[in-house]
Amino acid sequence: MKITFPHMGNMHIAIKALMAGLKLEVIPPPPVSKRTFELGIRHSPEFACMPLKINLGNFIEALENGADTIVMAGGWGPCRFGYYAQVERDILEGLGYQFKMIVLEAPDSKAYDLIKQIKALGENVSFWEAVKAIKYGWSKLNALELLERQFDYYLPRARDKHMVEKIYDDAVVTIDRAGSKTEADEATGQAIKKMSRVDLKAGLPLKIGIVGEIYTMFEPAANYNIYRLLGRMDVQVSRSAYVTEWINDHIMGGYVKKSSRKNLIACAKPYLNCEVGGHGLETVGNTVHFARMKHDGIIQIGPLTCMPEIVAQSIIPSISEKEGVPCMTLWFDELSGTAGLSTRLEAFVDMVHRKKLSTNNQIKEA
Amino acid sequence: MVDGYLGVDIGSVSTNLVLIDNGCHLIEKIYLRTQGNPIKAVIEGFAALVETGSKEGVTIKGVGTTGSGRYLSAVLLGADVIKNEITAHAVAAAHLYPDVKTIIEIGGQDSKIIILKNGIVNDFAMNTVCAAGTGSFLDQQASRLNIDIKDFGRRAALSQQAVRIAGRCGVFAESDMIHKQQMGYPMEDIIMGLCESLVRNYLNNVGKGKKIEGPVVFQGGVAANAGLRRAFEKILGMSVKVPQHYDVMGAIGVAMLAMEKMQWSRAITQFRGDAFILKGSFKTSSHECQGCPNICEVVCIKRDREVLAYWGDRCKKWENSLSEKTHAV
Chain A
216 MKITFPHMGN
226 MHIAIKALMA
236 GLKLEVIPPP
246 PVSKRTFELG
256 IRHSPEFACM
266 PLKINLGNFI
276 EALENGADTI
286 VMAGGWGPCR
296 FGYYAQVERD
306 ILEGLGYQFK
316 MIVLEAPDSK
326 AYDLIKQIKA
336 LGENVSFWEA
346 VKAIKYGWSK
356 LNALELLERQ
366 FDYYLPRARD
376 KHMVEKIYDD
386 AVVTIDRAGS
396 KTEADEATGQ
406 AIKKMSRVDL
416 KAGLPLKIGI
426 VGEIYTMFEP
436 AANYNIYRLL
446 GRMDVQVSRS
456 AYVTEWINDH
466 IMGGYVKKSS
476 RKNLIACAKP
486 YLNCEVGGHG
496 LETVGNTVHF
506 ARMKHDGIIQ
516 IGPLTCMPEI
526 VAQSIIPSIS
536 EKEGVPCMTL
546 WFDELSGTAG
556 LSTRLEAFVD
566 MVHRKKLSTN
576 NQIKEA
Chain B
484 MVDGYLGVDI
494 GSVSTNLVLI
504 DNGCHLIEKI
514 YLRTQGNPIK
524 AVIEGFAALV
534 ETGSKEGVTI
544 KGVGTTGSGR
554 YLSAVLLGAD
564 VIKNEITAHA
574 VAAAHLYPDV
584 KTIIEIGGQD
594 SKIIILKNGI
604 VNDFAMNTVC
614 AAGTGSFLDQ
624 QASRLNIDIK
634 DFGRRAALSQ
644 QAVRIAGRCG
654 VFAESDMIHK
664 QQMGYPMEDI
674 IMGLCESLVR
684 NYLNNVGKGK
694 KIEGPVVFQG
704 GVAANAGLRR
714 AFEKILGMSV
724 KVPQHYDVMG
734 AIGVAMLAME
744 KMQWSRAITQ
754 FRGDAFILKG
764 SFKTSSHECQ
774 GCPNICEVVC
784 IKRDREVLAY
794 WGDRCKKWEN
804 SLSEKTHAV
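Chains as they are written, first to last, in the working numbering: chain A, 216 to 581; chain B, 484 to 812.
Please keep in mind that the hints were generated in silico from the structure rather than gathered at the bench. Please read these numbers as outputs of a predicted model, since none were measured by experiment. Misleading hints may appear alongside valid ones.
To be verified - Partial list, derived from the structure: chain A residues whose beta carbon lies under 7 Å from chain B:
{"no.": "1", "residue": "Gly-236"}
{"no.": "2", "residue": "Ser-248"}
{"no.": "3", "residue": "Lys-249"}
{"no.": "4", "residue": "Glu-253"}
{"no.": "5", "residue": "Pro-532"}
{"no.": "6", "residue": "Thr-558"}
{"no.": "7", "residue": "Glu-561"}
{"no.": "8", "residue": "Ala-562"}
{"no.": "9", "residue": "Met-566"}
{"no.": "10", "residue": "Lys-571"}
{"no.": "11", "residue": "Thr-574"}
{"no.": "12", "residue": "Asn-575"}
We put the beta carbon where it would ideally sit given N, CA and C, even for glycine.
All chains should be built: construct the whole structure from the sequences, respecting the hints.
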């Protein structure tokens, strides 16, 4: 059995570790490239959102490289994503590929169910070996996130952005190659030490929160690396979601760490009082949360045609007015030119900056 | 001698250059069609501008660039300020009308709405996926109807009763127009109907969720169209101001920003001089970078044999290679 799975940011590193613990051979899809997009777009329904198209491109490229089993997340969320595994299987079968598809469903009540599902994947692994594999994958995920948070902190402050990016990129490769939790943690520690030695600019950077659809937030290919684009403009980015949190809330049923969801649902009131599918409620909650955490601006991102995010978009202007924070929505689709994107980002950052200056001056005058 | 500040706005359709003096008065403006060749447009425009400039005895003390070609023109001229169009348009409009609350800007491919509060941009939006209602679409419709685009607005203004045209999307609008035309509606009424439908499209797509308050300023190349202006006034129910130099407001704004920066910092301009742009031969070339599966198309711009800039690479490998070289020197 040669297993593959869809890309989502750095998650492939953790999945590789998990599968190795289950004594399985893994063939991750090649990094998302122009070709991935082309393959995905050619074989997907035109009106489907970008995540489906990138998933499909990933699968085709992995199957070409010899994978024979696809592991995909399912779900019962009212967003289309819950159905994507089935649609993707249908399309791939139609194209004549031979493969087995395993859909991981979020457990209804017990973490035990999920461990059982993962154990069932492995060949001749005991229950405890499965638990150990999960722990190993989880530790790599945590190491990557710690690194990401430091990267988001140092990139806007650094004079030499290129240097910080290089330290981060190199560390990601080292964590991927690490054979144990200790090695992975050590790589993270070293990278953070290196980043802390980089020359920093004076003054506080602007703070902008990113909210929106989960896949678009995690996968740099789906968001044109918006975190880096903003970091290069000296903006400190607050991500509203991290992979560990998402897995904790949606796949592990909230067992592993303390969930921030309750706070988000409370924040969303009175703007939105019920689930609207996908990540809509979280987007509204996060927007309010960031506004109250004194962010200078908030950017909502999502794939074009994403229904839950469209609902959230229509609510955001009233949040923007009442909480007094500038907001902007960006939709991503298969456009490859980044000129339009950087114009919008630059204009937004410029506006936020000028606004902050003028309010600071008003305070001084008063 | 007069101190002058140069503003350049390269858009998809037009390339605009302006020269302003210390008091933000316009010395000269040049409006050219980009025609797919921004380098040629900048060189031609600059040559024309320099002619007037030298007659008036102007020395260029600062340069600002904006528009989608802002990085290109910055490389050609040597810019002190490189700014996005939103800020540039807002600065120019707020200088002319200090109490302006809403700016409607429609250009060749982009349309924008800018909401100001106390002269500062408070909110903005740009068209995302649909270019219906922008200059390119109007150009295309005018040529299909065999009307000079300069007459488009005047003809629309003659209409007594606008025909209703679907405004949801450019393709729907076009087929609706053809349908109405085959039924025998007068041309003027169809054109005016198109203007109204474009305004509705703009308000629904670009102005979505924004509160439009007066005074409203309408600028950008499309503001030349009297029909669209009338349609905005009718649908918004308020008067809409069109500045005298509506077509070069972005360039004026960025020239003002350059002036602000140079006067404040008292630095020497990055401007490379007349000879640099007029005497050199500029060439661009592109190649596919094979460094990773993204296969980015990297563009290289050269003056004679000297490489001025690279762009188009997602990883910034090429862009950074140049800055490393200059750092080393």
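Hint-by-hint comparison with the structure:
Restraint check, Gly-236(A) versus chain B: the minimum CB separation of about 29 Å is more than 7 Å; hint violated. The beta carbon of Ser-248(A) is positioned within 7 Å of a beta carbon in chain B (closest approach about 3 Å), and the interface hint is therefore held. Given hint, Lys-249(A) at the interface with chain B, holds; its Cβ is 6 Å from that chain's nearest Cβ, closer than 7 Å. Interface hint status for Glu-253(A): violated, as the beta-carbon distance to the closest one in chain B is roughly 11 Å, over 7 Å.
For Pro-532(A), the interface hint holds, the least distance from its beta-carbon to any beta-carbon of chain B being 4 Å, beneath 7 Å. With 7 Å as the threshold, the beta carbon of Thr-558(A) comes within range of chain B, its nearest partner Cβ sitting at about 5 Å, so the hint holds. The beta carbon of Glu-561(A) comes within 4 Å of a beta carbon in chain B, closer than 7 Å, and the hint placing it at the interface holds. Taken as an interface hint, Ala-562(A) checks out: its beta carbon lies about 4 Å from the nearest beta carbon of chain B, inside 7 Å.
With a least beta-carbon distance of about 4 Å to chain B, the hint placing Met-566(A) at the interface is held under the 7 Å criterion. Of the supplied interface hints, the one on Lys-571(A) is violated, with its beta-carbon coming no nearer than about 10 Å to a beta-carbon of chain B, more than 7 Å. Look at Thr-574(A): its Cβ only gets to about 10 Å from chain B, farther than 7 Å, so that hint breaks. Taken as an interface hint, Asn-575(A) does not check out: its beta carbon lies about 12 Å from the nearest beta carbon of chain B, beyond 7 Å.
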